[in-house]
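Visitor: Residues per chain, in single letters:
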Amino acid sequence: MASNELFRKTLIQVRELLKHNKISPEDLLTVCQHRMRETSALNYFTNAVEKHDPLINSKIDLPLKGIPFSVKDNFYTEDMPTTCASLMLENHIPEFNATVVEKLHAYGGSMMGKDNMDEFAMGSGGCESQFGPVRNPWNHAQLQEEGNDDFYVAGGSSGGSAAAVAAGATFFSIGSDTGGSVRVPAAFCGVVGLKPTYGAFSRHGLVPLCNSLDVPGIFTRSVADSAFVFNILKGRDINDPTTIQQKIPNSRVKPEEDVKGMVIGIPKEHYIDGTHPDIRAAWDKAIKQFDDAGATVIEVSLPNQEYVQPCYRILCCSDVAINLAKFDEFEYGRRARHGEFKEELKYLSRDYGFNEKVKRRIAAGNFFLLEENKEKFINKALSLRRMIRGDYAKAFGAKDSSVSPFASTSGPLPCDLLLTPTTSVTSPLHSSFTAMADLDGTEGQDHKDLVGMPEVDYHVTGINIAGIPAISVPVGLSTNQHGHEMPIGLHLVAWEQQENKLFRAAKFLEQESNFHHWVENH
Amino acid sequence: MNRWFPLIGLEIHAQLNTKSKLFSNASKKFMATPNSCVARFDASMPGTLPILNRKAVELAVATSYALNCQVALKSSFDRKHYFYADMPQGYQITQQRAPLAKHGFVDYLSESSKMKRVHIHQVQLEQDSGKSLHDEKEGLSLIDLNRAGVGLVEIVTSPDIRSSSDACSFVKEVMKILQYIGSCTCKMEEGEFRVDANVSVSADISVMGTRTEIKNINRFKGIKQAIDYEITRQIKILQEGGKVVNETRGLTNSGETVSMREKESAYDYRFMPDGNLPYLILHTNESIGKAQHKNAINVDEIRSNLPTLPSEYRRRLQNEYPFEKDIIDFMLENKMAEYYLALVAHRPQVDRMLTFDYIRVHLLPYLERKELSFDECPLKSNDLGDLMYMTHSYQIDGSICNKVYQEALDTNKSPVQIIKENGWYKISDETMLSSWLDQVLDEVKQQSPDLLVFPPKRRKLETAVKKLTSHVIGRIAIISDGKAHAKLMRMIVKKRLDMLIDEQREEQKSSGASS
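Residue numbers (this note's numbering), protein chains in the order written: chain A, 1 to 522; chain B, 1 to 515.
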């Protein structure tokens, strides 16, 4: 097999090749390293691993032996910088591995690098990193040839993780998803992005954004790959009390999946203005495919969908204000400036160390937390959270003690899954994203971050608030006004701990859409 | 002049008697090298998460039941924000919204021996803070995180207390309770037990005045000092027509309270649920079977295993003997009640006060020296009971008692066995002793009758009696082969001689009168 074809394979495929000694772990490493050099302009790593573990040569048969992967730079890696793409943690070298990193090492995986990201995981474009923005592999070469230095954004905040997998530098990567940070970049970069049930994966060693919403997620090139990595990472961790205590069963994906008898809910609140017609068409097409395959498609309602963003912003900012308080250069973070007094030093260092968005969220969080604002913001957000989760519980006909002790359904049938687009637009050019997200800070517009960007986060954030799993699957391409084809992602949602249903339907979508354009177009 | 009514509520912070901290596995040692007991979580390393200490929860549940509280089967943790360097997370984990337990009470005996009741508002689990040390000479601030994250129970009372002496009696009772159930050793000098006092005064007994909070009282005497000082200070302000400011005050070494933070009344802790900690779910006998967690805690089990509490011992001791309050307090403080009660149950004939004194003077110092509890005492209560019984019933000589006691401690033999082996049993039967005395007195009458003539001709009465007594006792010892109980024998001899003297005096009187 020509080694330059290797990077186009999926994890499952290269495992087969390794198993039958068609290739060696060194071949994989060489191919990925070559790929990393070729695509270094995409800026998906903050730090690359120089030396690789000799374990890849050992005889022991480990499930991930020799498989290259990468990890978002907010996961602790022993003896390797963990920067959160911030000046504040430029030289921060942890003394232990995050549990997910530890597991991947233990299973024989080979870490290639730390993925670039939005600073402290705040962002949806992958553009707000102190290492510079991540570039989407899609159409990057074409733009360069056209002499255009603009590029498509990778999505965020786990942009580097998505781009690394899409570019063929690694076979899978780990990101973190607090309000869509895995699924949005997966949709933008045309890869599979899984956000599992809250507590399915350990957060130990993940620098927190919002503790009650954060969850590690997986980027892969296929649904089967995603299930494979899911089975490795899931499970209780004594170092994380929020991990699910019961045993989580393994998920299996058959070579061909059918969805006969499944009930697919289409939440009516997710038909929104501004959805790209190609995305709308892809969604309709998928609905038809499910219908044709014997699934029952019904309309459902998530009446509190409009409160998702306010609820998310309040909970997230409040935790940000607290979680980042320790980065004051006395406890953690670099001493950037010299001042005379402790408070002055803190001020100068924090002012220098954090970007504008981070500072804005800290300020907003401190505001929400004020005693006088407790009723107005925090307590409201907490009850909205129960209401939003309640909507999902209803749609899935789930018994949920935090909402109601009785199972209830909004429609005639409890759903197995919900289906929406992942984003309402395909990846925009960096120049237009900057304008959209108002990163250049137009006067009077500087609260954009506090209301969210409906184009990218409308469909995804409620899932984190409900604590349930979702997956983004690439299903096709959309040709934009510049004549570039960009991937479209669809979003499947299940009730908690029903990842097996997600994988089954995602696999069905994958086989129906026959999406395999991911590398050829780069 | 108005009469002023003080009202006092207390917040007690007691360090839980666990090996490790509340949320980390760092050990908890007093006076360890600074920063040697610090886990990653205690230093707030990013990405580390709190793991709740099961033992701490069990102790807090036991404490709650001992304080007659209702334990919540579902409680939660909140973050209370302070930005101090000795609080590295920027917040303390506590239980504000849904505490572990509520609605309890403690009955205690006031100094005037009246039973009084203080209501417990709530009991919650929380973290202790680290320590900041300021070296003013060097201009340095040093931080020791050894104490950061140590588990505390905070016990919040209702404002039910009317005087500093009641506050002290109540605190003493709480300390005893915590010590009895083993949840806290309550060593104030090691910072394990600290008290905040909320004090207000009012001219109207039914109205509560503006209160001040005296924080961190860390010596027992300080409780009385702080409350008395604060009551006097507030009355003075009110009498002069001023207003008491709601503020936090500290206690100086000289026993005065001083304002700590002027803006305290406006201090905003900005409470927020802690997203890193799931609900603390506790189980009952019914629900334990359905628990998802192997480590699930059954509160019914904790409640039924609670040791006997000091109030119950007090009741039993009072029923047992009309001891004075101080003696009962002494017994409770030194945890000797159980031992004592078992002893008297085994040998109800013993003298109560003599037995208490024997334990206080001999056994207690021994146990303290060896750092043993009464449970661990090598001399079991039954054995000491036997020894006390044999001593008090004159089966052995009093002088032998200590010897037997010492040998029993040294050799682990029972006193009964020791006495038997050494032949230390004495005859205490009065008929037997009297017959020996008759025998000896007959001897004396025949050999030197002068000795029995009173008043003696050439000696003082006392000298003669003394000489005769020792002669008689010496002879009895020989005749009885040393088996006569010395003390009892001496008493019988004295009684007989006194009788003889009186008889002769009567005779002389009557013969004198007749002549």
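What the hints contain is simulated information worked out from the structure, not anything from laboratory work.
Incorrect hints may have been included.
Label-pair ranges, simulated between beta-carbon atoms [unchecked claim]:
id, chain 1, residue 1, chain 2, residue 2, range
1, A, Glu372, B, Pro307, 53 to 59 angstroms
2, A, Glu356, B, Gln239, 54 to 60 angstroms
3, A, Pro310, B, Thr185, 45 to 51 angstroms
With a cut-off of at most 27 angstroms between alpha-carbon atoms, the simulated DSSO-like pairs for lysine-lysine come out as follows [claimed, not checked]:
id, chain 1, residue 1, chain 2, residue 2
4, B, Lys80, A, Lys346
5, A, Lys247, B, Lys290
6, B, Lys413, A, Lys376
7, B, Lys131, A, Lys247
8, B, Lys131, A, Lys346
9, B, Lys29, B, Lys335
10, A, Lys326, B, Lys131
11, A, Lys326, B, Lys74
12, B, Lys370, B, Lys413
13, A, Lys346, A, Lys268
14, A, Lys357, B, Lys80
15, B, Lys413, A, Lys374
16, A, Lys285, A, Lys268
17, B, Lys294, A, Lys380
Since we're looking at a predicted model, the values are computed, not measured.
Note that CB positions come from ideal geometry on N, CA and C, so glycine has one too.
Visitor: Each hint needs a verdict: does it hold in this structure or not?
Guide: Now the hints, each set against the structure:
no.: 1; hint: A/Glu372 with B/Pro307: 53 to 59 angstroms; in the structure: violated, 47 angstroms
no.: 2; hint: A/Glu356 with B/Gln239: 54 to 60 angstroms; in the structure: holds, 57 angstroms
no.: 3; hint: A/Pro310 with B/Thr185: 45 to 51 angstroms; in the structure: holds, 49 angstroms
no.: 4; hint: B/Lys80 with A/Lys346; in the structure: holds, 21 angstroms
no.: 5; hint: A/Lys247 with B/Lys290; in the structure: holds, 15 angstroms
no.: 6; hint: B/Lys413 with A/Lys376; in the structure: violated, 74 angstroms
no.: 7; hint: B/Lys131 with A/Lys247; in the structure: violated, 41 angstroms
no.: 8; hint: B/Lys131 with A/Lys346; in the structure: holds, 21 angstroms
no.: 9; hint: B/Lys29 with B/Lys335; in the structure: holds, 24 angstroms
no.: 10; hint: A/Lys326 with B/Lys131; in the structure: holds, 17 angstroms
no.: 11; hint: A/Lys326 with B/Lys74; in the structure: violated, 30 angstroms
no.: 12; hint: B/Lys370 with B/Lys413; in the structure: holds, 19 angstroms
no.: 13; hint: A/Lys346 with A/Lys268; in the structure: violated, 48 angstroms
no.: 14; hint: A/Lys357 with B/Lys80; in the structure: holds, 25 angstroms
no.: 15; hint: B/Lys413 with A/Lys374; in the structure: violated, 70 angstroms
no.: 16; hint: A/Lys285 with A/Lys268; in the structure: holds, 16 angstroms
no.: 17; hint: B/Lys294 with A/Lys380; in the structure: violated, 35 angstroms
When held up to the earlier numbered hints, the structure conflicts with 1, 6, 7, 11, 13, 15, 17 and fits the remainder.
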